[in-house]
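Could you put the whole structure together from the sequences, leaning on the hints where they help?
Protein chains in written order, with full-length UniProt numbering: chain A, 1 to 479; chain B, 1 to 456.
Hint data in this document are derived by calculation from the structure and do not stem from the laboratory.
Any given hint might turn out to be false.
As the list claims (entries may be wrong) - With beta-carbon atoms standing in for the labels, derived distance ranges:
no.: 1; chain 1: A; residue 1: Thr5; chain 2: B; residue 2: Cys450; range: 19 to 29 Å
no.: 2; chain 1: A; residue 1: Asn147; chain 2: B; residue 2: Val42; range: 45 to 55 Å
no.: 3; chain 1: B; residue 1: Leu390; chain 2: A; residue 2: Met267; range: 18 to 28 Å
no.: 4; chain 1: B; residue 1: Asp453; chain 2: A; residue 2: Lys27; range: 42 to 52 Å
no.: 5; chain 1: B; residue 1: Leu390; chain 2: A; residue 2: Gly38; range: 44 to 54 Å
For every residue, glycine included, the Cβ atom is placed at its ideal position computed from N, Cα and C.
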Amino acid sequence: MDVTTLLLLLLIGAVCTYLAGDKLASKVALLFSTAAMGITLFILATVSDFSTLNVSLPWISSPKAYFALKVDGLALAMVLLTTVLTPLILLSSFANAFKNAKSIYALILFMAFAMAGTFLAADGLLYYIFWELALIPIYFIALLWGNDAIETRKKAVLKFFIYTLGGSLFMLVAFAYLYHKAGSFLLTDLYALQLSTEEQTWIFLAFFLAYAIKIPVVPFHTWQADVYQKAPTVGTMLLSGIMLKMGLYSVIRWQLPIAPLAAKTYMPILLGLSIAGVIYGSIAALRQKDIKRLLAYSSLAHVGLIAAGCYSLTFDGLSGAVSQMIAHGFVIVGLFYAAEIIYRRLETRSIEAMGGIRIQTPRFTSLFMILVLASVALPGTYNFVGEFTVLYSLSQINVWYAVLGGTTIILGAYYMLKMFQNVMLGEANAKVFADVTLGETFVMVVLIAFLLFFGLYPKPLLDLVNPSLQEIFTLINRS
Amino acid sequence: MNTLIAVSGLGIFCLLAEIINLRKAIVPVSVVALLAILGLTVSEFNHPSSWYYNMIVVSNFSVAFSSLFIVLTVFLILMSGDYYKDKPSKFSDFIAIKIFLLAGAIAMVSFGNLSMFFIGIEILSIALYILAGSERLSLLSNEAGMKYFLLGSFASGFILFGICLVYGATGYFDVAEIYELSQGAGLPIWFYFGITMMLIGMLFKIAAAPFHFWAPDVYEGSPTLVTATMSTLAKVVAVATLYKLVTGLNKEMPYSFEIALLAVAILTMFVGNLLALRQENIKRMMAFSGISHAGFMLLALLSLTTAAGTLFYYTAAYALAGIAAFAVITAVTKNKETQNVADFNGLGKRHPILAAILTMSLLSMAGIPIFAGFFAKFSLFTQTIEAGYLIAVIVGVVNSIISIGYYFKLILAMYNKEADDEVASVSWVYTLVAVVAIALNIGMGIYPSCMMDLLK
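Next up, the structure:
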């Protein structure tokens with residue numbers, strides 16, 4: 001069992017799903033994604049030295065590129081996030097009767113393949129290809145199966161595509177330049193490269209453009225709320241749960257170790273932008289009337305904090321950021337799912353039109369409540385571990401960063417609880433709210449169980465991630 | 001050389017087939033014969049030779065490009081079978097002209113003498129003039145043919161005058177001799193005038209700005225299959241010839257030439273992409289898209305010594321994507337008065353396969369990974385950085401972003417709009433051509449070395 005098998009499985013799964021036809025597509029997709037999850041868990045359980053799984057095959061002779069995959073704790077943690085969330089996301093969409101179901105399920109699996117590839121790639125060109133490949137399926141998922149009038153949706157999705165592609169093309173230029181310098185795209189060769197501060201600055205900026213748009217960091221976030229709102233819920237989950245983490249992961253894996261001097265020079269600005277995202281996202285979330293938009297802005301605030309953790313360049317910051325990436329992935333998928341469950345019954349996303357759900361379904365209310373609390377990083381949830389570590393690391397640099405970044409917890413609690421109040425409590429809604437089905441409960445319970453288990457016992461994940469972060473931390477601080 | 005003779009022979013056979021009443025056999029016979037010729041051509045790889053006092057020089061460069069041209073012609077002829085079905089009396093003429101066009105193309109990449117070069121250009125151009133005006137009763141087609149002929153012969157005049165000046169300066173038509181002389185000092189100034197005039201003529205043929213004005217009108221007016229020929233085969237031929245001409249005549253380009261070329265390339269990219277954004281007619285849009293790609297290909301000339309492989313890869317990627325796209329465009333607009341983006345509304349529902357192929361070929365042209373178009377642009381960028389023109393790369397990237405705007409306009413129309421009307425069934429030939437072309441394109445993307453390393 002190695003990671004190439006895992007990638008191939010997802011790719012073949014996408015083809016099989018398409019060939020299976022509309023009726024069977026969802027089940028075939030679920031089967032393959034569960035198998036991928038199984039392989040990931042199997043690798044985690046049986047392999048002690050992950051570096052034995054590294055792959056390096058010559059691929060293109062000029063420009064020289066390898067099919068190189070690097071397996072370490074960090075990459076595996078992100079692959080785990082992808083392969084655990086994908087079956088859950090698939091499962092969550094079983095109740096939706098998609099038109100042309102074989103295509104959307106195939107696209108979801110293909111996207112999972114590209115995202116897992118992005119997390120594993122250890123060759124710049126290969127990494128870039130996976131990075132771009134992930135964009136195509138989400139573009140079509142949002143475009144073809146999205147909500148709202150086609151004209152507005154079309155604009156939002158095209159803007160998203162042009163933004164992200166534009167940003168990443170500059171990353172491509174940076175890779176071309178790095179290749180010119182190093183004569184290879186291999187991660188190890190790029191790490192070993194001696195670059196002047198000026199070169200690092202430009203490379204850092206080119207990478208930053210790509211990642212800041214993907215994450216997104218203020219002021220590159222303008223695509224986000226529209227796309228989250230207009231994409232179908234599966235698309236929103238894929239975007240917010242996994243795809244955003246591609247940007248954050250890449251900061252840690254590629255941007256910081258390749259251009260550490262630039263990162264150090266511009267740290268105050270980077271932290272400022274990240275924290276601006278926290279505050280801006282929180283305030284914008286307060287004013288939202290559409291539940292998906294509210295979650296989009298809350299997501300903007302949370303990833304802002306994660307970005308701040310990465311750019312703090314401290315070990316705790318990196319470690320907290322990775323924890324929070326995983327935690328946020330789970331919680332945001334759960335919250336969007338809750339919004340979808342409500343939409344299925346009330347056929348609205350407007351918060352004002354909701355209310356009175358608690359009286360009709362206490363079970364769903366409790367599950368939703370736990371997710372809301374996890375989202376505001378209540379102690380005992382995994383989100384607390386992440387956010388607290390990040391805030392701690394920020395306080396070590398300058399206490400004001402921590403104070404400002406901490407507003408996410410205060411404002412987050414305010415807008416999330418207010419949302420919860422308006423959506424769930426109050427007089428019974430005129431519409432009947434059928435109780436959640438077994439399938440819906442199952443998905444939410446798995447998500448919550450994950451968050452609570454690692455909230456109380458984060459050690460396994462920290463043990464997995466920290467050695468590789470230590471390696472990267474040493475690289476960042478090399479002279 | 002054998003290739004050239006065989007192709008000319010095939011063209012004559014097509015003309016004769018009409019007389020001996022073998023019209024039905026023309027397409028299958030030509031396709032099989034062309035595939036055989038392809039085999040013959042490939043067998044000459046790594047066996048350089050020269051013929052008739054260096055008139056024709058067979059090198060790896062010429063073999064590689066000739067093979068590409070033959071493959072493209074096979075696709076075009078396959079489609080001609082259905083396209084000209086309702087014009088039986090002209091059938092053999094059109095096929096024969098396409099094959100003569102191929103002969104001209106092969107001469108253009110294997111010349112060893114400037115007179116051969118000029119003959120090649122004229123064979124290709126005259127074939128194209130005729131084809132552009134081949135829709136005899138359509139005013140637009142007549143206009144296209146006339147316009148192309150007038151402007152094209154003007155450019156040919158430039159080239160011819162340039163050749164004369166070079167001859168006057170050196171006393172040779174032979175490229176190798178001129179190359180030797182160009183290394184030494186003391187060449188009269190009109191040698192450079194001559195080269196400049198030849199370059200201008202070639203820039204016209206590849207439709208680089210500011211010599212691009214003919215392209216949109218001619219592309220729009222010509223019958224769709226001819227537009228396909230121009231935008232794939234003819235463009236690729238012209239670019240390859242330009243490269244061969246520049247590398248054949250001087251070892252290193254003077255710095256001032258490089259700057260001029262850089263300016264033309266940048267201008268071409270911007271003109272092509274910005275104007276493409278505003279087009280509603282799909283053939284005009286493809287014309288401008290082709291102009292912008294010509295700009296990209298010109299970047300290859302900035303790193304002369306190493307660019308052959310990259311240029312070959314780029315042209316193949318571009319032409320294969322173009323063939324796939326035009327197969328779909330031809331099939332969809334076949335019996336329509338207009339060829340607007342609106343005609344593609346709802347194609348995703350009516351013909352999912354054709355829509356998917358057109359999407360893929362547009363993604364390849366936009367340079368999205370795994371399609372060959374991405375690797376083409378990327379290795380071009382890497383090379384241009386090595387040559388020290390970072391600015392050109394940044395312009396190229398900005399242009400790639402702009403190009404998303406119009407390529408995706410078409411994709412959006414296919415998937416996001418309801419169909420205006422039901423379309424008649426599509427001949428399997430177009431689907432076959434499109435599928436094979438895009439499969440080759442993706443294959444090149446998955447394993448780029450197979451083509452990029454051919455011309456080292």
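For each hint, the structure was consulted:
no.	hint	verdict
1	A/Thr5 with B/Cys450: 19 to 29 Å	26 Å, holds
2	A/Asn147 with B/Val42: 45 to 55 Å	53 Å, holds
3	B/Leu390 with A/Met267: 18 to 28 Å	27 Å, holds
4	B/Asp453 with A/Lys27: 42 to 52 Å	44 Å, holds
5	B/Leu390 with A/Gly38: 44 to 54 Å	47 Å, holds
Violated hints: none; the structure is consistent with every hint.
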